[in-house]
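Q: These protein sequences, in sequence, are chains A and B. Numbering (this note's numbering) for the first sequence: 1 to 390. Numbering (this note's numbering) for the second sequence: 1 to 390.
Rather than coming from a laboratory, the hints here were simulated on the basis of the structure. Check the hints yourself; a few may be wrong.
[Stated by the list, open to error] Facing chain B, according to a computed beta carbon distance under 8 Å, are these residues of chain A, among others:
(1) 203
(2) 235
(3) 237
(4) 300
[Claimed, not checked] In silico DSSO-like pairs for lysine-lysine, Cα to Cα no more than 30 Å straight-line:
(5) A:230 / A:215
(6) B:48 / A:85
(7) A:283 / B:85
(8) A:387 / B:387
(9) B:387 / A:181
(10) A:48 / B:85
(11) A:48 / B:150
(12) A:247 / A:150
(13) B:387 / A:85
Think of the CB as a built atom: it goes at the ideal place given N, C-alpha and C, for glycine as much as any other residue.
Protein chains: 2
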Amino acid sequence: MTKLLSFLSLSLLLSPTLHADALRATGDLGIVIEREAHSALIVNTSQKTQLARIEDLGDLSHASVVFSRDQRFAYIFGRDGGLSKLDLLQDEVSHRIIQGGNSIGGAISQDGRIIAVSNYSPPGVKLFSADTLELLADIPATYGENQQSKTVGLVDAPNHRFVVSLFDAGEIWVIDATDVKNPHIDKFKNIGKQPYDALISADGRYYIAGLFAEKGLALLDLWHPENGVKRVLENYGKDDEQLPIYKMPHFEGWAMTSDYVFVPAIGRHEVLVLDSRTWQLVKTIPVLGQPVFVMARPDGRQIWVNFALPSNDKVQIIDAPSLTVTHTLNPGKAVLHFEFTPRGENVWVAARDDNQVIVYDTQTLNEITRLPADKPNGIFFSARAHKIGM
Amino acid sequence: MTKLLSFLSLSLLLSPTLHADALRATGDLGIVIEREAHSALIVNTSQKTQLARIEDLGDLSHASVVFSRDQRFAYIFGRDGGLSKLDLLQDEVSHRIIQGGNSIGGAISQDGRIIAVSNYSPPGVKLFSADTLELLADIPATYGENQQSKTVGLVDAPNHRFVVSLFDAGEIWVIDATDVKNPHIDKFKNIGKQPYDALISADGRYYIAGLFAEKGLALLDLWHPENGVKRVLENYGKDDEQLPIYKMPHFEGWAMTSDYVFVPAIGRHEVLVLDSRTWQLVKTIPVLGQPVFVMARPDGRQIWVNFALPSNDKVQIIDAPSLTVTHTLNPGKAVLHFEFTPRGENVWVAARDDNQVIVYDTQTLNEITRLPADKPNGIFFSARAHKIGM
Numbered sequence: 001m002t003k004l005l006s007f008l009s010l011s012l013l014l015s016p017t018l019h020a021d022a023l024r025a026t027g028d029l030g031i032v033i034e035r036e037a038h039s040a041l042i043v044n045t046s047q048k049t050q051l052a053r054i055e056d057l058g059d060l061s062h063a064s065v066v067f068s069r070d071q072r073f074a075y076i077f078g079r080d081g082g083l084s085k086l087d088l089l090q091d092e093v094s095h096r097i098i099q100g101g102n103s104i105g106g107a108i109s110q111d112g113r114i115i116a117v118s119n120y121s122p123p124g125v126k127l128f129s130a131d132t133l134e135l136l137a138d139i140p141a142t143y144g145e146n147q148q149s150k151t152v153g154l155v156d157a158p159n160h161r162f163v164v165s166l167f168d169a170g171e172i173w174v175i176d177a178t179d180v181k182n183p184h185i186d187k188f189k190n191i192g193k194q195p196y197d198a199l200i201s202a203d204g205r206y207y208i209a210g211l212f213a214e215k216g217l218a219l220l221d222l223w224h225p226e227n228g229v230k231r232v233l234e235n236y237g238k239d240d241e242q243l244p245i246y247k248m249p250h251f252e253g254w255a256m257t258s259d260y261v262f263v264p265a266i267g268r269h270e271v272l273v274l275d276s277r278t279w280q281l282v283k284t285i286p287v288l289g290q291p292v293f294v295m296a297r298p299d300g301r302q303i304w305v306n307f308a309l310p311s312n313d314k315v316q317i318i319d320a321p322s323l324t325v326t327h328t329l330n331p332g333k334a335v336l337h338f339e340f341t342p343r344g345e346n347v348w349v350a351a352r353d354d355n356q357v358i359v360y361d362t363q364t365l366n367e368i369t370r371l372p373a374d375k376p377n378g379i380f381f382s383a384r385a386h387k388i389g390m
Numbered sequence: 001m002t003k004l005l006s007f008l009s010l011s012l013l014l015s016p017t018l019h020a021d022a023l024r025a026t027g028d029l030g031i032v033i034e035r036e037a038h039s040a041l042i043v044n045t046s047q048k049t050q051l052a053r054i055e056d057l058g059d060l061s062h063a064s065v066v067f068s069r070d071q072r073f074a075y076i077f078g079r080d081g082g083l084s085k086l087d088l089l090q091d092e093v094s095h096r097i098i099q100g101g102n103s104i105g106g107a108i109s110q111d112g113r114i115i116a117v118s119n120y121s122p123p124g125v126k127l128f129s130a131d132t133l134e135l136l137a138d139i140p141a142t143y144g145e146n147q148q149s150k151t152v153g154l155v156d157a158p159n160h161r162f163v164v165s166l167f168d169a170g171e172i173w174v175i176d177a178t179d180v181k182n183p184h185i186d187k188f189k190n191i192g193k194q195p196y197d198a199l200i201s202a203d204g205r206y207y208i209a210g211l212f213a214e215k216g217l218a219l220l221d222l223w224h225p226e227n228g229v230k231r232v233l234e235n236y237g238k239d240d241e242q243l244p245i246y247k248m249p250h251f252e253g254w255a256m257t258s259d260y261v262f263v264p265a266i267g268r269h270e271v272l273v274l275d276s277r278t279w280q281l282v283k284t285i286p287v288l289g290q291p292v293f294v295m296a297r298p299d300g301r302q303i304w305v306n307f308a309l310p311s312n313d314k315v316q317i318i319d320a321p322s323l324t325v326t327h328t329l330n331p332g333k334a335v336l337h338f339e340f341t342p343r344g345e346n347v348w349v350a351a352r353d354d355n356q357v358i359v360y361d362t363q364t365l366n367e368i369t370r371l372p373a374d375k376p377n378g379i380f381f382s383a384r385a386h387k388i389g390m
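Chain A on its own, in the form it takes in the complex (with noise of 0.2 Å):
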């Protein structure tokens, strides 16, 4: 008895240093995505190492995720409608729930407490809490004569709203969460035919969605919804030669700094450069391939471009001031996405088919170490936590 309570004791004394190196801050977490394991690592960008490994997510192909405001739970939402609520502290599955048959998308609300889920089947978007997953509302995407549509391009916004686009329908709707139980929906109608993607600006003001069947580029100012929906960079789309694309562009990266806003053309070896107050052409940057990805650097200094094949093994960076490309990177096999760490000091990319996921110093474009991964497709930090619009 002696001898425990003397053991007893000398676990307390030892306790504040062995609590003290459990601990886990959550400022410098992320999350990489192993497809066709469907599952994700926990990882840690301070030191560049994998901290967990959580397995049976579901499909993971597009999988793409939001961070809690606390950045303590990283929410991914699946292909196959699987919403995941991974718990970055205790390395697990916290929630998961099967919100619908086929989905694409998925963004939190302002203020955290809402999860919003774009789907193509049932068509709509559905409003989740955030904290129990618990369905709140379920808003189908009905149109014309009790027509339904698929849902695209979800995104969140000030003032506890979220802004999306109705592929078959060509509309824009913008849903207020205020009363989240009885949202309330601005319709745009007319925006153009089959917007199949869409970003907001990272002050959450400009929502442009992308067309598939005709050209240019749909935007909404949030600031004048008023104005209506207006048509930008007229000839945006498809090539008319319609050369064959390997890839549509992903919206999300749009590269928007504080003058230019960096645009993958579509099919073409080309990055669009345009005004980002007047939404106009300003160059043509000739790239190596098809762009996919077209991601700032957090500073706005450099613009990173991965490619669609058969160029996927390379990244190109543009230099800001000079709107020239100045490197080329091979990171390896198939590059699928990349991500930059909150100040932009490094940047991690994604190479699915090496396995692995190469972290770069983006100053010296030095390699500084490669973490093994299943089939990586994608990373996200728990930074996005503080971001409109991620």
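Take the given structure of chain A and dock chain B to it, following the hints.
A: Using the frame of chain A, we list chain B on its own:
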């Protein structure tokens, strides 16, 4: 013995739950400075509660705070040369040193490894290990014929640099800390008389210093250092008529949105609006007092302004699209500082002489709650960890 073991087993069974309750993420934490009590509160911005109070932090007048990249630690720069490292997970002082005799302001490097402090005495900048607070480099602010200058307006910049102004020398120094024990310094001389404060734009490109002894602002474009320091806003400065100035405006708070820069006029009841590309004056907005902090909600849709005596019980809100004051609030006596939550849904306002922090919903402008605090004079949220220049 059996009873004790049963108790132990029970504890072990319960421990996962207890452990989970005790876990704390760091994305939604903040620090409230209590100047006269020499203490700081650790707060949670989701629950809007005080988590802990840390005492014995020395002279906290004009104190500022930066955060480690994992958001676990807050570094508090005291007026008396004290540098305190607070552990936000363990509610305690992790390290504390007196690094100088008279200090104003500090910064953390892009990679989170270096803490920099600007001192009046001894005149210069010191670099410390963010981990241990060990001194890594001592950079005396020597100029001319072996003269010494006070240093002010210290900020971090991309590529592991710091930028600082030399009040007595009229110089701006760009300190490259890549090789931290042998920092490389680029000196810009004759930038104007008595730079007294400065800021860096959110993208880390523009460094702007105010001049105490002459008109105008000194502007350094870090993308084009070869162009040197230019003078902008030629009429900015103390008024010729030498109106009484109750408080010099702070630079940190300048609101830089995508289109405009909002600048507190010195000694006048005005906020100046500049074009963010040309730095030319676009408009002058009348306000009810001498502005001190002029800060934009993270989406840039609102600009909040507080004031010097005798209007320091009020806050005014400028509507960005119309560039007019739309609301006046009365938070309480001696509003010294305020901080927006990362996505901007709330703002926390420090009313020093009411011993309260007031939390507002920025959409409705309704008061959400009040927290008691002992003479609060500064509020800093952990999301700053992810922002250049913060």
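Q: Is residue 48 of chain B close enough to residue 85 of chain A, meaning Cα to Cα at most 30 Å?
A: holds, 23 Å
Q: Is residue 247 of chain A within 30 Å of residue 150 of chain A, Cα to Cα?
A: Roughly 20 Å separates the two Cα atoms, so the pair holds.
Q: Can the restraint linking residue 283 of chain A and residue 85 of chain B be considered satisfied, given a maximum Cα separation of 30 Å?
A: Measuring from Cα to Cα gives roughly 48 Å; hence the hint is violated.
Q: Compare the distance between the alpha carbons of residue 387 of chain B and residue 85 of chain A with 30 Å, and conclude whether the hinted pair is satisfied.
A: Holds: residue 387 of chain B and residue 85 of chain A sit about 26 Å apart, inside 30 Å.
Q: Could you check if residue 300 of chain A really has its C-beta closer than 8 Å to a C-beta on chain B?
A: The hint holds - residue 300 of chain A has a Cβ within 8 Å of chain B, the shortest such distance being about 5 Å.
Q: Holds or violated: the hint that residue 235 of chain A contacts chain B, with Cβ atoms closer than 8 Å.
A: violated, 24 Å
Q: So if I understand the rule, the pair passes when the alpha-carbon distance is 30 Å or less; does residue 230 of chain A with residue 215 of chain A pass?
A: holds, 13 Å
Q: Quick one, are residue 48 of chain A and residue 85 of chain B close enough, alpha carbons at most 30 Å?
A: holds, 23 Å
Q: Could you grab the alpha-carbon distance between residue 387 of chain B and residue 181 of chain A and see if it respects the 30 Å cut-off?
A: Cα-Cα ~35 Å, so violated.
Q: For the pair we were handed, residue 387 of chain A and residue 387 of chain B, check the Cα-Cα distance against 30 Å.
A: Judged against 30 Å, a Cα distance of about 11 Å means the pair holds.
Q: Does residue 203 of chain A meet its interface restraint, that is, does its C-beta lie within less than 8 Å of any C-beta in chain B?
A: This interface hint holds because 5 Å falls under the 8 Å limit.
Q: Next pair to validate is residue 48 of chain A with residue 150 of chain B; report whether the Cα-Cα distance is within 30 Å.
A: violated, 39 Å
Violation of the numbered hints given earlier is confined to hints 2, 3, 7, 9, 11; the remaining hints are satisfied by the structure.
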